[in-house]
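Protein chains: 4
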Amino acid sequence: MNDNIGRGKWALILGGSSGLGLATAIKLARSGYSIVVVHRDRKTDMPAIEARFQSIRDEGVQFFNFNADAVNSQSRKDIIDQISQLPGPDGKVSVLIHSIAKGHLKPMVSDKTATLDVSDLQLTINAMALSLYDWTKDLYSKNLFSKDTRIVSFTSEGNTKALPYYAAVSAAKVALEAITRSIALEFALKGIRANCVQAGVTDTASFNMIPNSDKIKEAAIRRNPNRRLTEPMDVANVVYLLCREEARWITGTIIKADGGESLL
Amino acid sequence: MNDNIGRGKWALILGGSSGLGLATAIKLARSGYSIVVVHRDRKTDMPAIEARFQSIRDEGVQFFNFNADAVNSQSRKDIIDQISQLPGPDGKVSVLIHSIAKGHLKPMVSDKTATLDVSDLQLTINAMALSLYDWTKDLYSKNLFSKDTRIVSFTSEGNTKALPYYAAVSAAKVALEAITRSIALEFALKGIRANCVQAGVTDTASFNMIPNSDKIKEAAIRRNPNRRLTEPMDVANVVYLLCREEARWITGTIIKADGGESLL
Amino acid sequence: MNDNIGRGKWALILGGSSGLGLATAIKLARSGYSIVVVHRDRKTDMPAIEARFQSIRDEGVQFFNFNADAVNSQSRKDIIDQISQLPGPDGKVSVLIHSIAKGHLKPMVSDKTATLDVSDLQLTINAMALSLYDWTKDLYSKNLFSKDTRIVSFTSEGNTKALPYYAAVSAAKVALEAITRSIALEFALKGIRANCVQAGVTDTASFNMIPNSDKIKEAAIRRNPNRRLTEPMDVANVVYLLCREEARWITGTIIKADGGESLL
Amino acid sequence: MNDNIGRGKWALILGGSSGLGLATAIKLARSGYSIVVVHRDRKTDMPAIEARFQSIRDEGVQFFNFNADAVNSQSRKDIIDQISQLPGPDGKVSVLIHSIAKGHLKPMVSDKTATLDVSDLQLTINAMALSLYDWTKDLYSKNLFSKDTRIVSFTSEGNTKALPYYAAVSAAKVALEAITRSIALEFALKGIRANCVQAGVTDTASFNMIPNSDKIKEAAIRRNPNRRLTEPMDVANVVYLLCREEARWITGTIIKADGGESLL
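Protein chains in written order, with this note's numbering: chain P, 950 to 1213; chain W, 950 to 1213; chain F, 950 to 1213; chain Y, 950 to 1213.
Keep in mind the hints are simulated off the structure, nothing from the lab.
Any given hint could turn out to be false.
Unchecked claim - Ranges of calculated distance between the beta carbons of each label pair, as one might list FRET restraints:
1) F:F1013 with W:S1068: 25 to 31 Å
2) P:D952 with W:Q1023: 41 to 47 Å
3) P:D1027 with Y:S1024: 34 to 40 Å
4) W:T1062 with F:D1087: 48 to 54 Å
5) P:E1194 with Y:S1162: 55 to 61 Å
6) W:Q1031 with P:S1162: 50 to 56 Å
7) F:E999 with Y:D1097: 34 to 40 Å
8) F:Q1031 with W:D1030: 34 to 40 Å
9) W:T1062 with P:L1138: 47 to 53 Å
What the hints assert, rightly or not - Simulated crosslink set (BS3-like; lysine-lysine; CA at most 27 Å straight-line):
10) Y:K1055 with P:K1055
11) F:K1061 with W:K1086
12) F:K1110 with P:K1164
13) W:K1164 with Y:K1164
14) Y:K1096 with P:K1086
15) W:K1091 with F:K1055
16) F:K1164 with P:K1166
17) F:K1164 with P:K1110
18) P:K1139 with Y:K1110
19) F:K1096 with F:K1139
20) P:K1051 with P:K1096
21) P:K1041 with P:K1139
22) P:K1091 with Y:K1055
23) F:K1061 with W:K1096
24) Y:K1051 with P:K1086
25) P:K1055 with Y:K1096
Positions of the beta carbon are idealized from the N, C-alpha and C atoms, including for glycine.
Looking at chain P on its own, in the form it has when it is part of the complex (with noise of 0.2 Å):
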C-alpha cells in the first residue's frame, strides 16, 4: 500500500543506513517520501549497503546519503548546508529521524574487564541524546524544517530499567526523551512535533554488541507475548503513523513498539 503520504516531501534520517533507521528509510520511501540518509560506514560495507540504497531509489523517491559521522559539529554543518537546496514544493525537512546508535557497553563495577567512566558516559550521551538537539537547533536556525514537522527518536526499555553493561545508553535514552519534551514544548508553536518510540528487542546490529545479547534475545522471545522479537519494520510502521497526518495532536510523548514485551 503505496499512499503517497510523503509525496513532495523529504524525509532525513541520522542512521539510516542499518537497523531501525534503515527500515524507516525503506517506509519512508514507500510512502512516497524522499530521502536524505546520514550514515557512517567503512568503504568495505558499502557494496551492500548501496544495495539497500538502491531499493529505496526503486520506490521512485529521490535520494540522497552522505557517509559522515553525524555527530561530529563539522560534517553537520556541511551536510546541513548541502540540503539547504533540496528540489521540491518547498526543498524543506518534514520528518527528522535520529537513529544514532553509538555508545560505550560497560560495567560499572568489574575485576575482568574495563569498566565505564565518566568519558563513556558522555560519548554515548553527546552521540544518541545531545546530537538531536544540535541537528533541530541547526535545521531550525536555518529555516530547513517544512511548516508541519515530525522529529522522531528511538529509545528502549533502559529508560526505566539498569541493565548490566547498559548504564551509559541508559543515562542516555531518558536524556533523549528529556530532550524531546523540551523540544515538542519550546517548538510547538513552530510546527514541530517529537516523539520517541520505544523499540521492543530487536535484532540489529547495535543490540547484538551487547553482551549476552543471544541469552537477552531468547529471554524476550519467551516474554513477549508475541511470542517473537520486534522486527525493524514494526518499529518503521509507528513511525510511519506518527508522519500522518492524524498524528499532529501527539507530540512529546514516548510510544511502545514492542507487541507488548514490557508488560511483563
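Here the structure of chain P is known, so what remains is to put chains W, F and Y in place on it, guided by the hints.
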C-alpha cells in the same frame, strides 16, 4: 482522504453518540468501516443524534445503532446476539471502542455537598472500566472478533493526577488501563491488540459535568503548548492510527493525544 | 532499638495476623505504638495466631484484635464503634494500615480452568482497594483520626505489569493507588498523609496462592540485585519510616521496598 | 530528638553550604553523623557560611569542609586523598549526598535572549548528573565506602515535565536518576543503596535563578495540597529516613518529598 482501510470491516463503538465515541465513529466511517454504535440517549435528544448518525451513513458505510445501556448485562447480551449476524466478508468485529463516560463526580470531604461513597466508586468503576472486560469477554466467547482486532478505550491525566471531585473517575481510569494491559497480554495470541488513548482536556458533554470545568478549560488552553483544547477529532485520529495495519505491534500501551498538554 | 516514636499512639491494622500486616504490627509495637488488628482467620488457625499476637503484647503495648471481615460494612461499623473508646492521651488512630489481600486469581482466557469474570474483578477491587476508602471515610467522619495521621497500604509491581492470573489484582492495586492519591489530596489539610509501599516478591501466604508462585519466587531471587526475596520485615520497616515525624512531607506517593528487584 | 543513628559514621555532602545540601548536613549532624562538606563559595560569602558550619559543629560532631569545585577532577582527587584518612571506627563514608546545582537555564527558542546549545547541556549534565558517578567510582575504587552505604541525590518534577528554560536541567535530572538506578543495580552486593529524592518547589538560591521563579513559587503554594512551599528541612528529613537501617531495602527509587504538590 478516504483511504478505505476499513472496507469490509466492522467497528463497534460503545458510547458513540457524542464526544470521543462519535468523532471516532465518523473518522472510522470515512475510512470505510461499517459502524455499530451503542449509546444511551433520551428520546428528546434523538433528532439531533439522528442527524449525526445520518452523517455516518452518508460516508457510504453500513450503520446500526442500539439505544441501550452498554453497562447493563442483559442489554449487552441482547446486542451481542444481534450483531452475531453482521453482514460482510466475515461479519466480525475488527475494532471495539470503549467510550463510556458515566460516573460520579463528588469530593471525598465537604461540608456543603454530598461526598463520595464506595457505591459511587463501584458504579463508576463498573461503567468506565469493568464494562470493557465484559464486552471483550462476551465477544470473544461468541467468536465475534476478527483475526486482527483492535480494542481502544479512553483515559485521562487523572491516571497519575488527583483532582478534586475526580477520585472515582481516576480510580476507574487506572483500572481501565490495567485491564487493557491484561487484555493485551492474555489475548495477544488471539490476534487482539488493546490500547488506551489519553486525551487532553476536551470540550465534551462529559467533561462539562466536572465542577469548574470552565476554569479547567481556560487553564488547559494556557497550559497547552499548542494553545488550544483537544478536539474530539484529534483523539479520533489517533484511534484511527491504532486501527491501521502499521499499528499491529503497539499493544498494552497508553498513547497521549493532548498536543503536549501534560508536558507542563 | 525501641525508639518509642509511637508511645501514646494507636495503629489500626487491617489484615494484621500474617504477612506484611503482621510484620508491620510487630515493628510498630517495638516502636511503642499500641495496636488494633482486624483479621479474618479460622478457629483452627487461632492458636498459632494468638502466639504471634502475644509477641506483640510482649513489647509492652496495648493490643486488641477483632476476628472479623474488614470488607464487610457491618463489621466495619461495629469495630469502629468499639475503637471509638480507645484509651490513651487522645484515644485516636495515628496510623491506619491496609493489608487486605483477598482476591481472585484467574486467567482471562483458558480452555482448562474457570476464567475471570467481572464479579471476580468487583470482589477483588472492593476488598483490596475500595475498603481503604470505606475505613478512611468512616474513621474521619467519627473524628477518630489524630491530628497527624499516616495511612499506608500495599501495592505491587502488578501496578505497571500484566501477569497471567493477576488481572483482577492488578486492577485493584492501581485503583488502590489512585484512591491513595485522592486521599492525600483531599485530606491533606486534615492532617492525613497517605502512601503506598510497593513490596518486591515476598514469601507470604497470599503470594503463595498465585499459580506458579514457586517459579516466580525463584525468578525473583535471580532477578533481585540483592539476590534474595523481600521479607515482610523489609516492608514493615518502610512503613515504620513513613510513620516517623520526618516523613510528614511524603504523601500521595508509591515507595518501592524491593531491594531493587523492579530495576530489571 | 537526637537519636544518634550516625554515631561513628561519616556523611560526605557535595554541595553542602546552602539549600538542600546544607539542610541535610544539619539534620545528619543532629543524628550524630560526622560531616564533610564540599562546597563552592566566594570569599565574601564565607562569613555567613562559616556561621552555618559552626551550627553543624555545635551538634558535637566532627566537621570538615572543602571550598572547591566538586565537578573538577583534580579537586575531587585531592579531596578524596584527604578524606582517605578520616578518623573514627572505620573512617569510611557511610552516606554520600549529591546536591550539586550548577547548570544553564536558557530557552531553546528565543528572539531576545541567548538560546541553549549543546555545550550548555553538556556542562549541566556533567555537573548535575555525571559527577555523582565520578565520586561514587573513585570512592569505591579507593575502598572508602563503608559496608552499608547510602547514596542520595536530588531530582525534581522536571524529570517528567518540560518547563521553559529548564531543558538542560531536565535532561540532567533524568540522567542522574538513570545513573542512580545503575549504581543501585551494580553496587548492590557491595552494600550500596542509591536513591533520589524528588523535592517540591523549594525556596533555595538555585531555584531562584530560574526565570519567573517568583511566579512559579506562587503557583506552587496554590497547587500544593498543604498550601506551602517545600522547605529544605522537609527534604533533609527524607534523606535522613533513607540513611536509617530500616531503609536498607529501598534502592534504585525516586521518593517524592513535596507535600503532594505533584499530585495536581
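Evaluation of the provided hints:
Between F1013 (chain F) and S1068 (chain W) the CB atoms are about 29 Å apart, so this pair conforms to the stated range of 25 to 31 Å. The hint said 41 to 47 Å for the Cβ distance between D952 (chain P) and Q1023 (chain W), and at roughly 43 Å that hint holds. Separated by about 38 Å at the C-beta atoms, D1027 (chain P) and S1024 (chain Y) satisfy the suggested range of 34 to 40 Å. Checked against the hint of 48 to 54 Å, the pair T1062 (chain W) and D1087 (chain F) fails, with Cβ atoms roughly 19 Å apart.
At about 40 Å, the beta-carbon gap between E1194 (chain P) and S1162 (chain Y) misses the expected band of 55 to 61 Å. For Q1031 (chain W) paired with S1162 (chain P), a C-beta distance near 52 Å keeps the hint of 50 to 56 Å intact. A hinted range of 34 to 40 Å holds for the C-beta pair E999 (chain F) and D1097 (chain Y), which are about 36 Å apart. Taking 34 to 40 Å as the suggested C-beta distance range, the pair Q1031 (chain F) and D1030 (chain W) does not conform, at roughly 52 Å.
Separation of T1062 (chain W) from L1138 (chain P) is about 40 Å and departs from the stated range, judged on CB atoms against 47 to 53 Å. Taking the CA atoms of K1055 (chain Y) and K1055 (chain P), the gap is near 33 Å; set against the 27 Å cutoff, the hint is violated. The hinted pair formed by K1061 (chain F) and K1086 (chain W) meets the criterion: a straight-line CA distance of about 16 Å does not exceed 27 Å. Between K1110 (chain F) and K1164 (chain P), the direct Cα distance comes to roughly 22 Å. Compliance with the 27 Å bound is thereby established for this hinted pair.
Annotation: proposed proximity of K1164 (chain W) to K1164 (chain Y) holds, straight-line Cα distance about 19 Å (limit 27 Å). A hinted pair counts as satisfied when its Cα atoms are at most 27 Å apart, and K1096 (chain Y) with K1086 (chain P) does not qualify at roughly 47 Å. For the hint linking K1091 (chain W) to K1055 (chain F), the alpha-carbon distance of about 20 Å falls within 27 Å, and the restraint holds. With a C-alpha separation of about 21 Å, the suggested pairing of K1164 (chain F) with K1166 (chain P) holds against the 27 Å cut-off.
With a C-alpha separation of about 22 Å, the suggested pairing of K1164 (chain F) with K1110 (chain P) holds against the 27 Å cut-off. Restraint check for K1139 (chain P) and K1110 (chain Y): satisfied, since their Cα atoms lie roughly 20 Å apart, inside the 27 Å limit. Distance hint between K1096 (chain F) and K1139 (chain F) is fulfilled; the C-alpha atoms sit about 7 Å from each other, no more than 27 Å. This hinted pair does not check out: K1051 (chain P) and K1096 (chain P) have alpha carbons roughly 31 Å apart, beyond 27 Å.
Taking the CA atoms of K1041 (chain P) and K1139 (chain P), the gap is near 14 Å; set against the 27 Å cutoff, the hint holds. Of the pairs offered as hints, the one joining K1091 (chain P) and K1055 (chain Y) holds, with about 20 Å between alpha carbons and a cut-off of 27 Å not exceeded. Proposed proximity of K1061 (chain F) and K1096 (chain W) is supported: the alpha carbons are some 22 Å apart, at most 27 Å. Taking the CA atoms of K1051 (chain Y) and K1086 (chain P), the gap is about 23 Å. The hint holds against a cut of 27 Å.
With a C-alpha separation of about 24 Å, the suggested pair K1055 (chain P) and K1096 (chain Y) falls inside the 27 Å cut-off, and the hint holds.
Consistency note: the structure conflicts with the earlier hints numbered 4, 5, 8, 9, 10, 14, 20.
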